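Mind assembling these two chains? They're in different frames, but the hints should get you there.
Chains as they are written, first to last, in my numbering: chain A, 27 to 276; chain B, 873 to 1176.
Simulated from the structure, these hints should not be mistaken for laboratory data. Since the model is a prediction, treat every value here as computed from it, not as a measurement. It is possible that some hints are incorrect.
[To be verified] No farther apart than 25 Å at their CA atoms in a straight line, the calculated lysine to aspartate or glutamate pairs in the DMTMM-like style are these: (1) A/Lys151 to B/Asp1054; (2) B/Lys1040 to A/Glu152; (3) A/Lys208 to A/Glu165; (4) B/Lys1040 to A/Glu121; (5) B/Lys1040 to A/Asp132; (6) B/Lys1040 to A/Glu141; (7) B/Lys1040 to A/Glu97; (8) B/Lys1040 to A/Glu165; (9) A/Lys208 to A/Glu109.
What follows is each chain in one-letter form.
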Amino acid sequence: MLEINDIHVTYGRLRALKGVSLSVRQGEIVCLIGPNGAGKSTTLAAVAGGVVPHRGTIVLDGKPLAAGRPEQTARLGLSLVPEGRHVFGTLTVAENLRVATYMRRDRAAVAADYERVLNLFPRLKERIGSPGGRLSGGEQQMLVIARALLTRPRLLLVDEPSLGLAPKIVDQVYEILLAARKAEGLTLLINEQSSHRILKHADRVYVIRNGHIRLHDDAAKLADGEAIKRAYFGFGDEPAAADEPEEEAA
Amino acid sequence: MIGLLQNLVDAASLGSLYALAALGVGLLFGILRLVNFAHGDFISIGAYALIVPSFEVTAQLFIGTWSWWLMIPTITLIVVIVALISDALVFRPLRRASAPTLMIASFAVSYVIQTGILLVYGARPKAANLWAGLDTPLMVGDVRVPLLQVITIVATLVLMAALTLFLKRTRYGTMMRAAAEDFRMAQYLGVRGDFVIGLAFAISGVLATAVSLLYLSQTGTLSPTMGVPLALFAFVATVIGGMGSLLGAVVGGFVVGVVVIMLQAYLPADLRAFRDAFAFTFVILILLVRPSGIIRTRALVERV
Ligand SMILES: Nc1ncnc2c1ncn2[C@@H]1O[C@H](COP(=O)(O)OP(=O)(O)O)[C@@H](O)[C@H]1O
Ligand SMILES: [Mg+2]
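Chain B on its own, in the form it takes in the complex (with noise of 0.2 Å):
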């Protein structure tokens, strides 16, 4: 019993790094159409910033070691940067290409970013100590829980209500909800297509920190490669949850995250190197079960 619990705190905390991902994924697409594999790289650039360029194998940190109220800020704002960059260097000119041809750019992003943090800090990965403090467990009942899982799941959650409420509480957030519905219309309404879309940008790289910022406190290590697989997790989420749909994502990158831990958890120990395996073999059973995924919608934010 304690053991189940223990795991679906891990779930939830897992489940949370995915929803964040699969967000900043879903939003891109239900405004767009792009699948952003590029996503995964925001979330590295999000990482690198704390630390200062260098080859070395442990990494020091620089940004990463002022207070919170200031890191969390400007780490922020480089990868809203680098974000808003690649839409206007990138997407901006496909704006009239067809939704394979943005996902295929979208790979060229993620291998320009890839290489650059190769260039500047070395392709071995690093070591990184972040919020070292964060790792002390509190004890609830039994359950021992890392207080960072805790800040993890809370700050999913306060992203989670503040992407809501910033969608159907404001205008930009109307503006976006109504472009994502039918994007041409809003245009003739005087909805400028473009500021909609960096809007969006700007949002996933806002989610893409946070995840950034979570996960290496999480694992403490970088490497160029360090978002690949949670985008492809963030992918994942995305479909099973419904693409285009917000809640979907979230749902999804919840589910995810439950399978993944608990593959972990109660495969047979021979078995756990292929637990990626069964995770996917997983996804494929709930799309022929729900093809079009769990929450299927047109709208970013559902109604209640």
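If we strip away everything but chain A, and leave its shape as in the complex, we get (with noise of 0.2 Å):
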């Protein structure tokens, strides 16, 4: 449903994708895992039209998306929660949910969707009326995640939804991720820096070093993590053109 091919992505003169191409298929959970600055938050961003490739494509159910178009991306079923959980911090929980229902057209279906998805996370019940800055960081991930499924997404990218979030409470995280991928029928693409909790629950893999992608498999094959490890942190078998400084020209 999602294909990204070749896409290069400069900050100034920083070149933080190199040509990263990356597919998921319906109903897939595809992981994207690298090492912090690898490119893993960009390529994300350039998916849901945050941050404009100067080269590559990216289509979304055979269609190419208009880079740089968040708001038209959103409205195509594709939803970013970004890393860093950018909660809306002095609205209510209800408003930061609210906002994310305003494109929608199907009225009576977003009451019912509240509804529902209030259901999935009663903690967010619980805390309706607060400002989602006096949420606790484990609270605001589920509101992230809350808000973006009520944009009723097929495919859902999440950002390092464990980013400084106590293990027992990524646990938490990853239950309604998958909770929220059956009733929904969600299609998932998830950025991890490591990849010892999402291996168990990915279907492919791909690790990206120094925006380039290093290895892609099915997740079952590289179940031992060894080959993760080695491409990874760039041990052996790689061609070591593929080192350049980042800094090079543009």
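The structure is reproduced here in structure tokens:
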């Protein structure tokens, strides 16, 4: 359902993505893992329209996405939960959730979705009138996921859902994501820095480092973690040319 | 004592105008990070739209002679259209530009509007008598309160309440608050950035119109640069109030009003000419104590 073909992104003179290709099929859980600064967030932001690739195409359901049009992309059934939990801190939990429904035309379905999503997140129901900024980190992560679900996405992109959360909370976040996937028939593309938690849930895994995809395979074939480790840290079997310095001019 | 009360009424009325102007500036800053120097010129447009275009020194009212229920919406519409056109022609192409670039663009808009007024109406200040009946004083005890000042204060309170209700109770208001806090995230959730920004320009046009009408009926004079000092004091108000907070803009507006009126009243006569220098010194002092303004927040509207 999603095809990323050879996208290149630069920030000023820094080349963040140097030709990334990746695909996600309907119903899959695909995980993009890589060290800090590898280009994971940039990849997801490019798909969601938040950064504009200067080369390459992104195709959703057979149609090319207009680059740099996040409002448009959101309307096509693709939702991004960005890194770092962008809760609207001064809006209440209810208002945070409602913002996500304003673009929708199916008013009747919105009311039903709102109830259903809140039932997935009982903790949010309890805090429905609190400002988003007062929630704990775990609750905020729940809120941004619930909020993204209310845009009624078919493809959900989640950027490092476990960032800065205690392991127990991370487990809860993943439980919710998997439950939501089942309930909503979602396709998931998830970024993580480490593979150990995601490997058992993912169908396929991509490893990105320094703006290049270094490895991509079925999760089952990577279960021992050795190949991932090599790709992740850049040991061994790769061409040396792939490790050029990041600062070279675009 | 009477003198002090009298001065406080004057301060509240002048502070109202600054607060309204500061709200218009603060709203655009909150959404777009635009410091809009053209806001003062939106105010001038609202005043000039009332009169017949000519180079005469005494302005002849045209729309200004209509009854208020027709005149106010018409003038509002004109100013809102000017605000929306400036957005469409100048600021929309600069959506990805930095805050300083936007500010410089707003100088250009300001200059274009002033030149336009100059070409159509001439450079000389004009006298105009809008709502002449409103300077009859009301006596509250021994304090003489011109009706116009009461209307100014009431109109300001009504507009502030309406804006607050709009921002807190409506879907468009909620979109604006979300966008003010995290514009990109709001877009990821499907909020149309251009729409929200257009709305902010339109509202700042409405607020500018209110200042145009109230200010013109108080001063009775038009000039192509009449909006400039208002915009300047509005910036000062938003800065000392705390950039990005609408409550801050209002508080800042009233603080500036009080400072200016009190300096006017209590400075020794031969220093009064330097009133604004003293006012700005006071502002610098406030900022030394609270560098990020009186209200520090990323929220357009505070919760109470
Ligand atoms: N807004 C930005 N401006 C400049 N450089 C950025 C920006 N965002 C990311 N980068 C740089 O781009 C590279 C990739 O970043 P990112 O996509 O955030 O990686 P990851 O999510 O894998 O940690 C890094 O070197 C990072 O410093
Ligand atoms: Mg990242």
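Against the structure, the hints:
1. Under the criterion of a C-alpha separation no larger than 25 Å, the hint pairing A/Lys151 with B/Asp1054 is consistent with the structure, at around 23 Å.
2. The hinted pair formed by B/Lys1040 and A/Glu152 meets the criterion: a straight-line CA distance of about 21 Å does not exceed 25 Å.
3. Between A/Lys208 and A/Glu165 the alpha-carbon distance is near 21 Å, which keeps this suggested pair within the 25 Å criterion.
4. The straight-line distance between the Cα atoms of B/Lys1040 and A/Glu121 is roughly 10 Å, inside the 25 Å bound, and the hint therefore holds.
5. For a cut-off of 25 Å, the pair hint linking B/Lys1040 to A/Asp132 stands: about 23 Å separates their Cα positions.
6. Between the alpha carbons of B/Lys1040 and A/Glu141 the distance comes to roughly 22 Å, so the proposed pair stays at or under 25 Å and holds.
7. A distance of roughly 23 Å separates the Cα atoms of B/Lys1040 and A/Glu97; the hinted pair therefore holds under the 25 Å criterion.
8. The hinted pair formed by B/Lys1040 and A/Glu165 meets the criterion: a straight-line CA distance of about 23 Å does not exceed 25 Å.
9. This hinted pair checks out: A/Lys208 and A/Glu109 have alpha carbons roughly 23 Å apart, not beyond 25 Å.
Taken one by one, the earlier hints all hold for this structure without exception.
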